[in-house]
Structure formats: C-alpha cells, structure tokens
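J.: Residue numbers (numbering that gives the first Met the number 0), protein chains in the order written: chain A, 0 to 125; chain B, 0 to 169; chain C, 0 to 99.
What the hints contain is simulated information worked out from the structure, not anything from laboratory work. Don't be surprised by glycine CBs; every beta carbon is placed ideally from N, CA and C. There may be inaccurate statements among the hints.
[Claimed, not checked] Which bits of chain C does chain A cover? Going by a derived footprint, with three or more residues having C-beta under 8 Å, they are:
{"no.": "1", "segment": "23–29"}
{"no.": "2", "segment": "63–69"}
[Stated by the list, open to error] DSS-like cross-link-like pairs, simulated, lysine-lysine; straight-line CA separation at most 30 Å:
{"no.": "3", "chain 1": "B", "residue 1": "166", "chain 2": "A", "residue 2": "119"}
{"no.": "4", "chain 1": "B", "residue 1": "165", "chain 2": "A", "residue 2": "119"}
{"no.": "5", "chain 1": "C", "residue 1": "84", "chain 2": "B", "residue 2": "126"}
{"no.": "6", "chain 1": "A", "residue 1": "66", "chain 2": "B", "residue 2": "89"}
{"no.": "7", "chain 1": "B", "residue 1": "166", "chain 2": "C", "residue 2": "86"}
{"no.": "8", "chain 1": "B", "residue 1": "89", "chain 2": "B", "residue 2": "24"}
{"no.": "9", "chain 1": "A", "residue 1": "118", "chain 2": "C", "residue 2": "84"}
{"no.": "10", "chain 1": "A", "residue 1": "119", "chain 2": "A", "residue 2": "45"}
{"no.": "11", "chain 1": "C", "residue 1": "86", "chain 2": "B", "residue 2": "24"}
{"no.": "12", "chain 1": "B", "residue 1": "165", "chain 2": "C", "residue 2": "86"}
{"no.": "13", "chain 1": "B", "residue 1": "89", "chain 2": "C", "residue 2": "86"}
{"no.": "14", "chain 1": "A", "residue 1": "118", "chain 2": "A", "residue 2": "66"}
{"no.": "15", "chain 1": "C", "residue 1": "84", "chain 2": "A", "residue 2": "92"}
{"no.": "16", "chain 1": "B", "residue 1": "24", "chain 2": "A", "residue 2": "66"}
{"no.": "17", "chain 1": "C", "residue 1": "84", "chain 2": "B", "residue 2": "89"}
{"no.": "18", "chain 1": "A", "residue 1": "45", "chain 2": "C", "residue 2": "86"}
{"no.": "19", "chain 1": "C", "residue 1": "86", "chain 2": "A", "residue 2": "119"}
[Unchecked claim] Selected chain A positions facing chain B (in silico; Cβ < 8 Å):
{"no.": "20", "residue": "10"}
{"no.": "21", "residue": "46"}
{"no.": "22", "residue": "94"}
{"no.": "23", "residue": "105"}
{"no.": "24", "residue": "108"}
{"no.": "25", "residue": "114"}
{"no.": "26", "residue": "116"}
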Amino acid sequence: MLETPGAVLPLNYWPVMVYGLIAIAFGIVTITIGYFFRPSKPSQSKLSPYECGCPPVGDARERFSVKFYIIAMLFVLFDLETVFMFPWAIDFKALGAFGFYEMLVFIFILMVGYVYAWKKGALDWD
Amino acid sequence: MLLQTGFIYFATVIVVCALMVITRKNPVHSVLFMLPLFFHVAGIFIMLNAEFVAAVQVLVYAGAIMVLFLFVVMLLNIQKERVRPRVGLKWTFTAPLGLTLFGFLVAILVRSQYNGTQGSFTIEAVKQIGNSQAIGQVLYTDFLFPFEVASVILLVAMVGAIVLAKKRLD
Amino acid sequence: MVPISHILILAGMIFALGVVCVFAHRNILMILIGVEIMLNAAGLAFVAGSMRWGMPEGQIFVLFLMAMAASEVSVGLALVVYLHKRKRSVNIDDFNEMKD
C-alpha cells in the first residue's frame, strides 16, 4: 500500500465545508422551528395551489416545450468552452502569442457551431 | 486523522448516493440523488489537491449536466406514463454482476504494483505556481492537439443535438 | 493520509454501481445516468493517479473527459427526446427495430 505524498492543501478548504454545513443546518432549523410554532388550520382554499389568486387551471406538471431543452443543451456546451478558457486566461502571459492563436482556433471552431445554431433557428423562441 | 475521517465521510456518502440513484423508481429522485454524489466526488478531488478539477466538476456536472437531465425528465413527464413492470428478476441478475465486476477490479488492484517515477507536479510545485496555472501550462502546450479536438467534439455534439431536437416528425 | 488503493477501490465501487444501473433499468434516462456515474468513477481514478505520480496529465484528461461527457449527454438526451416524440415511450424494449 502506497501513500499519497503529503496532502496539506485540502485543509485550506475547511471554511467551504463549514459553509455547506451552516447552509444545510439553516434550512433544517428554520423549517423545524416553523413546524413547531405555526398554527395548522388547513382548509379547502388554503390547500389548493396558488395561481395569482385565480382558480387554478390544468395540472401543474404540464409538459413543457423542447425549446427549453435546446437552450439548456447550448448552455452546457458553451459552459465547457468557458471551462477550457479559465486556465488559458490565468496563463495568458506565460503562453504568449502562441497561446493566443491556439485559443482563437478553439473559439473559431465553436463559433461555427454558434453560427449554425443561429441559422437553424435554435435560438429563436417562436 | 482529519483526512482519513474526511475520506470515509465522502466515500460513504458517494456510495450511498449511488445506491439510491440506481434503486429509485422515479427518475426525478434518481437525478436529484446525483447532485450530492457529484458534490462529494468534487470533495474527494479537493482532497487529492485537484482544485481546478473540483471546481469544474461542480460547474459542469452539478451545474450543467444535472440541469439537462432534470429538463428532460420534466420535458417527457415520465411519472405519468408508468414504466412497465418488466419481467421480474431485476436485481437477482444485476447485483451479482456488479459484485463480480467489483471483485475483479479489487483483485487487479491487489495484484498490481505501484511503480513508476514521480513527476514534477508535487504538492510543493502546486503550492508555488498554483493548480490552475500548472494545468494550463501543460494543457496548452503538450496537449495542444487534444485540446483542439475537444472543440471539434463539442461542435459535433452541438450540431447533432440541434438536428435531432429540431427534427419534425413527418 | 489516504492510500491510493483506497481511492481506486472507491472508484471501482462507483464504476460497478454504474454498470449495475445500466443493466438493471429499462428506462433510457436511467441508462444514461449509469453512464454518467461510470464516467465519474473513471475521473476519480485519473485524479488519484495524477496525485500519486505527480503528473498534471491525469487532471487534464479529466477535463477532456468532462467535455466528452457533456457532448455525450447532450446528444444522448436529444435522442431520448426524439425517440419519445416518435413512440411516446422511454422503455428501451420498444426500440428493438432498425426502422419502422
């Protein structure tokens, strides 16, 4: 069994963990306090789903359009493009002109996809 | 001591979440159990000094891929159309299969030797120049070609998904 | 300190669970989720190796793996949406013909 060499870095991240614990505990504690202190008098109109004061129309679990999917998909792919740009931006000076041109090629290839999506009408809402 | 405790916590949560993901009947619950799974995998990445990869894991998996899965589950409204009960024996075959595969992997791990030379990407080096910088310096020089190919893969995925999603049924 | 073998065993466990997910479900979405879990296990093994041998390559390959996973998911889910439009079903047993 081999050991990973001196792992010291992760200990700098303990505030993140404390932050997460506080966030979870806040949710649990406030809901629990509310559960014990609020009056509970359910009635027909209180339990019906709220729809701007009008009587609710249709089911809440309505299927929604495939247009949302296309936008979400484009978001995921351009998100990945941005991920590849972070280390490049940090190392920009060290990489010099060569790094600049290779990133131009990268962006150009993805720009082709962007233009294609635009021309195909994937970004139009109607 | 702290690291061992952290590792046991992360590993337990990951395995429990994965078990919950594969045993839920409702796909929405499965997708929602993937969220803590991805976050805890990111936690293990941080324990392994891979800060940038951990951040990307949260951004891409927990932020983007999860959203895509949830969108599709909502889009298709799968709860309504009951998934047909299939011809029994669901776990009787697959659970031994998974255990056998895991046994093979452990057997390989036990027999393997961890030799090889140490690279220059040690903790001291990472502390000196920073994790993202170190990744960038290799990614944009030695891995230039895979990097450009990654953009082509993203382009192909974009075109393919748009063609499939915009396709009209005749 | 955590030995690398423990991390690799954890990765193997997640990978086996992903395989079980792929084989146990007939729902295409669950199969894609299983593939995602397996890809995460592979990434974990890559990062563990990168840490053990002091090489940044492992972490860089996890970045490529994530680009691949995102592409795979967006095309796979577009296929799911398209198949659902055609047959009103996400059960993989309904798609056993090449053409219909």
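J.: Okay, which hints does this one fail, numbers in order?
T.: Violated: hints 1, 5, 6, 10, 15, 18, 21 and 25.
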